[in-house]
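Residue numbers (this note's numbering), protein chains in the order written: chain A, 1 to 391; chain B, 1 to 185; chain C, 1 to 401; chain D, 1 to 172.
Please keep in mind that the hints were generated in silico from the structure rather than gathered at the bench. From the three backbone atoms N, C-alpha and C, an ideal C-beta is built for every residue, glycine too. Heads up, some of the hints might be wrong.
Unchecked claim - Each pair of labels, with its calculated beta carbon distance range:
id, chain 1, residue 1, chain 2, residue 2, range
1, C, D322, B, A162, 33 to 41 Å
2, B, V122, C, P118, 52 to 60 Å
3, C, E35, A, V344, 21 to 29 Å
4, C, D203, A, V111, 53 to 61 Å
5, A, V390, B, Y7, 33 to 41 Å
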Amino acid sequence: MGFLQEKVAELGSGTNLIRELLAGAPRPELVPDWAIPLTAVFIGVGILLAIVSLCAMFGTWLERKVSGHIQCRYGPMRAGWHGWLQPLADGVKLLLKEDLIPLGADRVLFVIAPALVLSSILGAMAVMPLAPDFFFADAPMGVFLILALTSTTTIGVIMAGWASNSKWSLYGAMREAAQVVAYEIPLGVSLLVPLMVAGTFNLSEASAGQAGGFGIFGWYIWPVGFGTEGFSLGNPFMIPALVLVFVAVLAETKRAPFDLPETESELVAGFLTEYSGIRWSFFFMEEYAAMFLYCVVASFFFLGGFNSPLTWVFEDGGLLPNVFLFNVMAFVTIVVKGFLGMFVMMWVRWTLPRLRIDQVMTMGYKYLTPLSLLCVLGAGLWEWGKWMIVG
Amino acid sequence: MVTVSRYFNNVWKSFWTTMVGMRITGRYLLQKPITVQYPDERMPIPNRYRGIHYLEQEKCIDCLACARACPIDCIEMDAVRHGKELEWISFTLDYQKCMFCELCVYPCPKDCIHMGTEYAFVTYDRSEFKHDLLSYKGMSRDAKIRMVDADKKKAEKEAAKAAKPAHEEAAESAPEEGAEDAGAE
Amino acid sequence: MDRELQGTITLPEEGRTLASGEQEFVLDVRTQDMELNMGPQHPATHGVMRILVRTDGELVTGAQPHLGYLHRCAEKIGENVEWLQYLPYTDRYDYLAAMNNNIGYSMAVEAVMGIEIPRRAEMLRVICAELNRIGSHLIAFGTYGLDLGAITPFLYAFREREWMMSLFEKICGARLTYSYIRIGGVFNDAPPGWLGEVSRFCDTFEVKWREYYDLLIENQIFVGRTADVGVIPRDMALDFGLTGPMLRGSGVDFDLRRDMPYSLYEEIHDAGAFKIPVGTGEKGTLGDCWDRVWVRVVEMMESVGIVRWCLENIEPGPVIGDIPKTLRVPAGEAYVGIENPRGELGHYVVSDGDKVATRCRVRGPSFCNLAVVEEILSGTLLGDSVAIIGSTDVVIGETDR
Amino acid sequence: MDFQGITDRLTAVGAPGFLGVDEPRGKDPEVKGDKGRAGDPFVLVDPQSIDRFLVVCRDDPKLRFEILADLTATDPAADDENLWVNYNLLSVSHRHRLAIKGILPKSEPTLPSAVAVYRAAQWHEREAAEMFGVTYRGHPDPRNILLPDDWVGHPLRKDYEFPKEYHGISCE
Numbered sequence: 001m002g003f004l005q006e007k008v009a010e011l012g013s014g015t016n017l018i019r020e021l022l023a024g025a026p027r028p029e030l031v032p033d034w035a036i037p038l039t040a041v042f043i044g045v046g047i048l049l050a051i052v053s054l055c056a057m058f059g060t061w062l063e064r065k066v067s068g069h070i071q072c073r074y075g076p077m078r079a080g081w082h083g084w085l086q087p088l089a090d091g092v093k094l095l096l097k098e099d100l101i102p103l104g105a106d107r108v109l110f111v112i113a114p115a116l117v118l119s120s121i122l123g124a125m126a127v128m129p130l131a132p133d134f135f136f137a138d139a140p141m142g143v144f145l146i147l148a149l150t151s152t153t154t155i156g157v158i159m160a161g162w163a164s165n166s167k168w169s170l171y172g173a174m175r176e177a178a179q180v181v182a183y184e185i186p187l188g189v190s191l192l193v194p195l196m197v198a199g200t201f202n203l204s205e206a207s208a209g210q211a212g213g214f215g216i217f218g219w220y221i222w223p224v225g226f227g228t229e230g231f232s233l234g235n236p237f238m239i240p241a242l243v244l245v246f247v248a249v250l251a252e253t254k255r256a257p258f259d260l261p262e263t264e265s266e267l268v269a270g271f272l273t274e275y276s277g278i279r280w281s282f283f284f285m286e287e288y289a290a291m292f293l294y295c296v297v298a299s300f301f302f303l304g305g306f307n308s309p310l311t312w313v314f315e316d317g318g319l320l321p322n323v324f325l326f327n328v329m330a331f332v333t334i335v336v337k338g339f340l341g342m343f344v345m346m347w348v349r350w351t352l353p354r355l356r357i358d359q360v361m362t363m364g365y366k367y368l369t370p371l372s373l374l375c376v377l378g379a380g381l382w383e384w385g386k387w388m389i390v391g
Numbered sequence: 001m002v003t004v005s006r007y008f009n010n011v012w013k014s015f016w017t018t019m020v021g022m023r024i025t026g027r028y029l030l031q032k033p034i035t036v037q038y039p040d041e042r043m044p045i046p047n048r049y050r051g052i053h054y055l056e057q058e059k060c061i062d063c064l065a066c067a068r069a070c071p072i073d074c075i076e077m078d079a080v081r082h083g084k085e086l087e088w089i090s091f092t093l094d095y096q097k098c099m100f101c102e103l104c105v106y107p108c109p110k111d112c113i114h115m116g117t118e119y120a121f122v123t124y125d126r127s128e129f130k131h132d133l134l135s136y137k138g139m140s141r142d143a144k145i146r147m148v149d150a151d152k153k154k155a156e157k158e159a160a161k162a163a164k165p166a167h168e169e170a171a172e173s174a175p176e177e178g179a180e181d182a183g184a185e
Numbered sequence: 001m002d003r004e005l006q007g008t009i010t011l012p013e014e015g016r017t018l019a020s021g022e023q024e025f026v027l028d029v030r031t032q033d034m035e036l037n038m039g040p041q042h043p044a045t046h047g048v049m050r051i052l053v054r055t056d057g058e059l060v061t062g063a064q065p066h067l068g069y070l071h072r073c074a075e076k077i078g079e080n081v082e083w084l085q086y087l088p089y090t091d092r093y094d095y096l097a098a099m100n101n102n103i104g105y106s107m108a109v110e111a112v113m114g115i116e117i118p119r120r121a122e123m124l125r126v127i128c129a130e131l132n133r134i135g136s137h138l139i140a141f142g143t144y145g146l147d148l149g150a151i152t153p154f155l156y157a158f159r160e161r162e163w164m165m166s167l168f169e170k171i172c173g174a175r176l177t178y179s180y181i182r183i184g185g186v187f188n189d190a191p192p193g194w195l196g197e198v199s200r201f202c203d204t205f206e207v208k209w210r211e212y213y214d215l216l217i218e219n220q221i222f223v224g225r226t227a228d229v230g231v232i233p234r235d236m237a238l239d240f241g242l243t244g245p246m247l248r249g250s251g252v253d254f255d256l257r258r259d260m261p262y263s264l265y266e267e268i269h270d271a272g273a274f275k276i277p278v279g280t281g282e283k284g285t286l287g288d289c290w291d292r293v294w295v296r297v298v299e300m301m302e303s304v305g306i307v308r309w310c311l312e313n314i315e316p317g318p319v320i321g322d323i324p325k326t327l328r329v330p331a332g333e334a335y336v337g338i339e340n341p342r343g344e345l346g347h348y349v350v351s352d353g354d355k356v357a358t359r360c361r362v363r364g365p366s367f368c369n370l371a372v373v374e375e376i377l378s379g380t381l382l383g384d385s386v387a388i389i390g391s392t393d394v395v396i397g398e399t400d401r
Numbered sequence: 001m002d003f004q005g006i007t008d009r010l011t012a013v014g015a016p017g018f019l020g021v022d023e024p025r026g027k028d029p030e031v032k033g034d035k036g037r038a039g040d041p042f043v044l045v046d047p048q049s050i051d052r053f054l055v056v057c058r059d060d061p062k063l064r065f066e067i068l069a070d071l072t073a074t075d076p077a078a079d080d081e082n083l084w085v086n087y088n089l090l091s092v093s094h095r096h097r098l099a100i101k102g103i104l105p106k107s108e109p110t111l112p113s114a115v116a117v118y119r120a121a122q123w124h125e126r127e128a129a130e131m132f133g134v135t136y137r138g139h140p141d142p143r144n145i146l147l148p149d150d151w152v153g154h155p156l157r158k159d160y161e162f163p164k165e166y167h168g169i170s171c172e
């Protein structure tokens, strides 16, 4: 118990927050020591679950509106103003839907698979700081923890495909396995470029490194930046690296044009063929939450993270220093950046046709991997040269 | 070298055509949708629209021309004839069969069956698709009055006929013959 | 397990090549082929066709189409209803090009009767046929995008098709199954202002067409999915009796409208209003999916040219000849083939002088075009098979009739 | 080439099984008393040598019928003791057509398959076989194509009786 307590106590700022709150309670001595971190964990998981489902809800709404307007139609318009309550209505429908498990399916795996998929994204979400002073797990190796945790969704998808006892599902699962393994490499490698520039794996630290410059010009993406220390030379390989990361993220999250595991025109619905109701929606929650998470991670390392003109106003040494408003604005900033990233992903999805599975593999192994390696090489040489010249 | 240039050409082409496509879709993203919110606003329906039939029952003479023209025999009609007037029993169209081809409309000698602009036809029971086009059953008021009038006239005529002697009738027709002769000359 | 059985086992069919001829798969493990039932309810079979696919992983090693799920006895019905009454049934086999079917049937009956139809009726027929060709090709193009995962071009195609359908709605009252063309002419004259709207449609369509071309046809992913895929060489295309865009996609310069002209097409072609696009293998091999789709897309613009010519040259006049209400066709027989959007639509009509046909045979282009799928599917990837089936542009209503 | 030219050529090369031509009456309506049939002309061919006839049509440089446009059969009447088998050829290079008809007795409706000549015939022959009960000798895949495998009867024959039920489903 003691070991767990220690580990849990390390989890984040939430524990201290709870402890402070409880300190004001009438008889704080009645609360056992181990209950405090546990409460923090439960509250944290609740918040994470809320974030994941809100991401999915807003994501589905956004997707339908974006696709609708791109295709000269409205999208959902009935439930609420421009259908903003539509995800809620869908959620109720999915909850009430008959839960089907096909005959001959591996029942245990069939039930576990959606939960596994969802839990992996919940774990990855915990690493994401929501504001400079509000986070669950400020892991020093944040990025790679996120990459590792999100790639475990593959296991859930393969499980789902295998357990469904359907040929289409099996195809979808096999494609997912091949595709995710192929795109882990370019994603990880091209993320090395900003990691080299930032000099840290931690998301909050990376964000802190991009402060200043009215909240915009300090971002790592600019070849010539204007941060807290005045003008500085950035890294020109950041822009191609962002494109590479974007493409790899599209593939990682199974978004078109890389939606091979689901290809509705080839494999009916891929690994989702036999799923229905709330179990089916778990996969979608995972998809939208993963999109959001990847977009936020990319924004932390390329597009300034918490830094925007909004936070710049309230930051320490800014126009109106205010810690609380700074944190709120930082939260707003990453949410906006995350959904802007999702918007671009949707825009791409509703524009492009789908690749074929061998082309997906070709693109991963023959195009993205060498190009990302080139990028890393170039960025490394650039940084080395900068270090040699500037010191 | 050719391979390398083809490699980067491929990368560039993929990127560029994606950008071109995104420009097109992005432009539409900002435009007003062209669809309409169906039950609230509806598309205008042209005059020639081939929707659910309507029947000008007053004109119809129960000649079965439309039923015969129908390729799937979905029109059935039944009426009892009282002299010139019709007592309608049914005029049904089976919309489970009807394919809205309008072949029933143009053989009509009285131009009394038409296709309307109504297209939504929802029922809870299949049997209700056998739709009765009649606006009233039996005889119309006018037809009844006409029939009564006709009966009255007939009765009067017969009474007059019975009252008049035969030679008077012959005399009555004689001037007409004379007029005819005059016309011929 | 015995030591001898371990290690590399090479299957006899080693070294199978993809259609592109680039990658070779040498199998060193014993695998089992899987039978996959594509359809009758499958998103890519465009209706209720069933294709039994034998797959080895992602590789299709054999395919067998099973037809008949939409068989509605059209030919038998033709022998049981009167000449004119069969007309609505012709709408229903190729429901995406109902006008062309009406024209084909009417022309076959007119050929037996030996009658001429008024010039304005011919004009209206040509306008309707070409507008319907545009609509049909829009569906072909849109659903092909859908097969390849691009959903937006489909909606754009439907947007223009919607206008085309509302044009037909104005002239004949129906949106899909028109029954507008009658034996001896057309049912009724164009309403006032209709021809002007057709002209406006043509103007708008030319602008939108460019967008389709840029959005889908030129897209690198689309080219990658379709070029070098499903190659039908010229000889195979002729052997299988392919017609229409399938034949022209294989590089055979043949179009019934130009080469065996009927109706007014000879005059229109002499006036230079249209050309026949023929596949050239621009992006890959001659006769691949890209060529077929390209031929269809370019044909839409040629149809616009034909419609324009008709709008310029149409003159007032009667639209239907002197046709009795109950048709009696003299004894005889005729085969009339016209250029449907999918190829040669043939009607073989036999009459024995009665009110009812003796034989009402329909040669559907989709039926013949689909036969080639059996041949070219094997050796492709599963994703390619969808692309190939889509590029044949079959309408199941017509294959099964 | 017009129909006259095609038939002349067929006679000249001695196409196997070529029996003659059947031409309709003149198109001129002024000519009264022409009792012939209406429509298009066709050539009559012995169905038993149809495959060799088609080879000639396909390979002769003057004819060059590359495409088999249509293949079907016709049952002219219930009391007729013959079926017709109809072929329609199309030449892409010479831009002409030819309608071919063979008279086949209903008592023994067997004729050689044309699949070896035109592979387009494969599905058409399957359809004609199930609809009319024609047997094509040497067809590589003689299954039903549009009808279920267990269908009884040949629906496009004039003497076909409509089934009362199919697998327990009433057809009335």
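Structure-based check of each hint:
1. C:D322 x B:A162: 33 to 41 Å: 52 Å, violated
2. B:V122 x C:P118: 52 to 60 Å: With a Cβ separation near 42 Å, V122 (chain B) and P118 (chain C) fall outside 52 to 60 Å, so the hint is violated.
3. C:E35 x A:V344: 21 to 29 Å: Violated - the Cβ-Cβ distance for E35 (chain C) and V344 (chain A), about 41 Å, lies outside 21 to 29 Å.
4. C:D203 x A:V111: 53 to 61 Å: With a Cβ separation near 58 Å, D203 (chain C) and V111 (chain A) satisfy 53 to 61 Å, so the hint holds.
5. A:V390 x B:Y7: 33 to 41 Å: 34 Å, holds
Violation of the numbered hints given earlier is confined to hints 1, 2 and 3; the remaining hints are satisfied by the structure.
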